[in-house]
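Chemist: Dock chain H against the given chain S, drawing on the hints supplied.
Chains as they are written, first to last, in the numbering used here: chain S, 15 to 914; chain H, 696 to 818.
Just so you know, not all the hints are guaranteed correct.
Said to hold, decoys possible - Facing chain S, from chain H, some residues (calculated, C-beta under 8 Å): (1) Ser-707; (2) Ser-713; (3) Phe-714; (4) Ile-715; (5) Ile-737; (6) Ala-742.
Said to hold, decoys possible - Just the calculated beta-carbon pair ranges, DEER-fashion: (7) Pro-796/S - Ser-765/H: 48 to 56 Å; (8) Asp-849/S - Ile-753/H: 49 to 57 Å; (9) Glu-889/S - Ser-765/H: 48 to 56 Å.
Stated by the list, open to error - Heads up, simulated DSBU-like pairs for lysine-lysine below, C-alpha to C-alpha not over 30 Å straight-line: (10) Lys-718/H - Lys-725/S; (11) Lys-725/S - Lys-812/H; (12) Lys-732/S - Lys-725/H; (13) Lys-208/S - Lys-160/S.
Treat the hints as calculated values from the structure; they're not laboratory data.
In this text, a Cβ means the ideal position worked out from N, Cα and C, and glycines have one as well.
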Amino acid sequence: MLSPVTIAGIYVVLGALWILFSDRLLADYIHDSSVLTRFQTYKGWFYVIATGLLLYFLVSRYRKELDRERVSLAESEAKYRLLFDSMTDAYAKVDMSGRILGFNRAFLDMTGYDEATLSLLTYKDLTPLKWHKEEAMIIAEQVVPKGCSEVYEKEYIRKDGAVIPVELRTFLIRASDGTPAALWAIVRDITKRKRAEAVRTTELQILEMISRDAALPEVLEKIVLSVESVSRETIASVLLLDPDGIHMRNGAAPNLPEAYIQALEGEAIGPSVESCGTAAYRREPVIVSDIETDPLWAGYRELARSYGLRACWATPIISSQGRVLGVFAMYYRESRTPRKEDFALIERATHMAGIAIERRRTEEALQESERFGRNIIDSLQVNIAVVDKNGVIYKVNRAWEDFARENAEGKTVSARAGDNYFEVCRKAQGPFSEEAASALRGLEAILAGHVGCFDLEYPCHSPVEKRWFLMHAVPLQTKTGGLVISHINISGVKEAEEALQEKEHLLSESQRIAHIGSWSWDLSGPIKWTEETYRIYGVSPETFTPTIESLVNLLHPEDRPAMQRWLELCGTGQSPDDLEFRVILSDGSVRILSGRGELMYGTDNGPVHMTGTVQDITERKIMDLELKKHRDGLEDLVRERTRELERSQQALQYLLEDVKEANARLKELDRLKSLFIASMSHELRTPLNSIIGFTGILLQGLAGPMNEEQKKQLGMVKSSSVHLLSLITDIIDLSKIEAGKVDISIDRFDLAETAREVLASFVPPAERKGLAMEIDAPHTLPVMSDARRVRQVLMNLVGNAVKFTDHGGVRVRLTEKDGVAEVSVIDAGAGIREDDMDKLFRTFSQVTSSEMPKHEGTGLGLYLSKKLITLLGGEIEAESEYGRGSVFRFRLPLERGGGK
Amino acid sequence: MKRILVVEDNASNMYLISFIIEKMGHVVIKAATGEEGVEIAIRERPALILMDIQLPGIDGLEAARRIRNSEAHGEVPIIALTSYAMMGDRERLIEAGCSGYIEKPINPETIMGEIEKYLDGGR
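The following block holds chain S by itself, in its conformation from the complex (with noise of 0.2 Å):
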């Protein structure tokens, strides 16, 4: 295409050309001067129009041309527009003061503006004012003269005021002129490698805390706390779960509330134990989002929303071996459901957790063991030390330490953990220099390999106790090598020693002084004698072996089958009975031996071993010999005594048999006694009825007149009758109490009421002496007795005062207390001399005195009132004052009726 300048020069020329040469070719070909004038015209016209065309051309083309770039600009300038839009890093353009001039989404997105608000801002606006100095200088530094900036890092406030690291490359746009025109900038966010970073520093941090020992709960706090910085709204904590595998404790949770945590201390894992007991039940972990709402809180809700926890999310802490060490916990205020990066952040945590309490549990583990190690080797009445390959002590047990500590003023060999143990015994002085310098050889051939242990025995006596020590010394099967030396007391043992030493000579001594021998026999081995046992068979132990064989052959020939078969009888098992025989010794004299064995049993319950002794019995035969003459003199006489005293126990026995059967016999005829006299009751009643009824017909002169003598023996009769009737009723009626065949019938009645008619009845009486009748009752006194019996007590008790009264009165008293009625009887008569007490409730025991006369009465009152007040429960009793009266009181139960 021809250039618009080309076509302006062949314009040019080519109109020159027309110019110059139009004219004259006109002037040659016309010399009319009209048609030249008129020709002239038309060129004038040709060359306007041949001009408006190459313009109207020229014109077109550029237009065209002009179109298609404005297009393409705009097409271009929306795919830089777009392709800034869509990178991720931001970008922006400023001019040289600072104004932003341009800028991509991602740079709106990351300051969080509005590009309207953006356009009116500086980029010193955004940065905040600490780096304005050095940003400066990058920018002086490199950006103008170099074109563009290494990658630096700042940080930018967002609208909402939020400070956020960004890294970024300048690049200079210069004018046209070469000034410095604008600055472009291509930002990154880093707040997410910037906070992956911090996490890996803590994360640092951590296992730098753990593997120097921290204590476990700084380094779960740090956690925790690395956790709640990263993920701003958590509250985070860590339980542990108790070896037991059930309970849980805070481990760290420095942001939860105090009592929230010890609302939960302690706590039983289980399948709905809010987030964590849950989360280590399960062995998963446990989200839930909303509290409120999650039935696995139904029993903590209220607990959890008094502390305003609205989310729990719960992770259990899994050690390598699969077991759970405890729960990572984040909460928050808020409903919320975790996102990735949360999930991340959960998974860090718990990894690290777990590395933190698996490594202290192992550790206390290891410390436990080496305790554990340390409480056997310390318990050991054994002293123990461990010396390098050098001979320094490096570890002691307690037994070396305490004996190191009492022996260190004594003469003794001791060394300290710390001391050189060789050096100790090459220094060794004294009683014990060459025990120790043996030790020394001994070690050092430990040492050397020549050897695989070593063993000295030696004496160590302190100033206070004789001592021995065993000292033992093996090497140590470590890396480093060294010993390992122990020192046994073993003073028992050889006291023992000594001991058993002193009890066998004394055995051999008294063996001998008391001629008894004893032997010991394994069934299947040989036969072993001490000294006295040769002596008594009188052989030698140097020239006699004893066998079994050798043994029979010292008997006499008349007791070898007795042996024979007392040995046999032993290798079968059944312990043997003692066997006396006799020897003949080698000067021919003959003794009686006594033998005696006791066999022991295995395990298989055989016999394995057989021990026993002999002794020489032959004095004392001769000497029972002698005795027996005099005994059996002596037993003829014993015989006889004890025939005779047998008899005179037969004859006891006889007797007491005797005593038994008329006992029974005895026993037999009272209780028929008692029957007879009950049944005789009627017969013996009859007839004085009669006597008495007839009396009374005569007395009242109903079967006709009497003189005043007839009237008085009658009468006399009559009292007499009556006296013998009440005899006989007394007699009666004890009889029956007597043979247990009293009827008693209770039933409720007025004891007040009883007792006034009881009295009315003897007003008549009284009168005639003279006597005042007082009753001192209750309106009532109901009571649950037998009404009959109670009142023939009372007719009893006041008949007797009534009778035994001659001046003054006799009065009745009645009470009532804690459900017993007590009746008191209470005269002004003679009363009862302190002798006279105990006879008082006997049969046939009228207490009477000189100056009275004798009263009437059968005798038998008191000791039947008393009989009845038993049966009936109450209890009765007297007291009295010698010549001022007596008080007869009877108490009985108000609602109890008595025994039979």
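Modeler: Leaving out everything else, chain H in the frame of chain S:
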């Protein structure tokens, strides 16, 4: 003059009681056993019966019970004659149909008073 049945096995007592009753001007019908007493009581319809309790054969209680159960003669007063030892159970006497009792030994005044009381209609 009323007819009074006395059931009593002891001759002396029978005489004693009869004597007193006759002295009072009444007629005595005598029976020596319980069976006889029941038979006579039903047949003779006495105005009052004095009944000894301890009798050979059926005792006074049983006799009283039979008399009470006889349709013809249910209303007659029966006074039991009882010894002290028998007195224990007043209820047993009442239950058997006795109207009252007199305790032995017999006191003429007492027995006369009781007879008068029951003949006058006291029960």
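Chemist: Now tell me if each hint is right for this structure.
Modeler: Evaluation of the provided hints:
no., hint, in the structure
1, Ser-707, "holds (4 Å)"
2, Ser-713, "violated (11 Å)"
3, Phe-714, "holds (6 Å)"
4, Ile-715, "holds (7 Å)"
5, Ile-737, "violated (27 Å)"
6, Ala-742, "violated (21 Å)"
7, Pro-796/S - Ser-765/H: 48 to 56 Å, "violated (40 Å)"
8, Asp-849/S - Ile-753/H: 49 to 57 Å, "holds (55 Å)"
9, Glu-889/S - Ser-765/H: 48 to 56 Å, "holds (51 Å)"
10, Lys-718/H - Lys-725/S, "holds (20 Å)"
11, Lys-725/S - Lys-812/H, "holds (29 Å)"
12, Lys-732/S - Lys-725/H, "holds (27 Å)"
13, Lys-208/S - Lys-160/S, "holds (29 Å)"
Checked against the numbered hints above, the structure violates hints 2, 5, 6 and 7; every other hint is satisfied.
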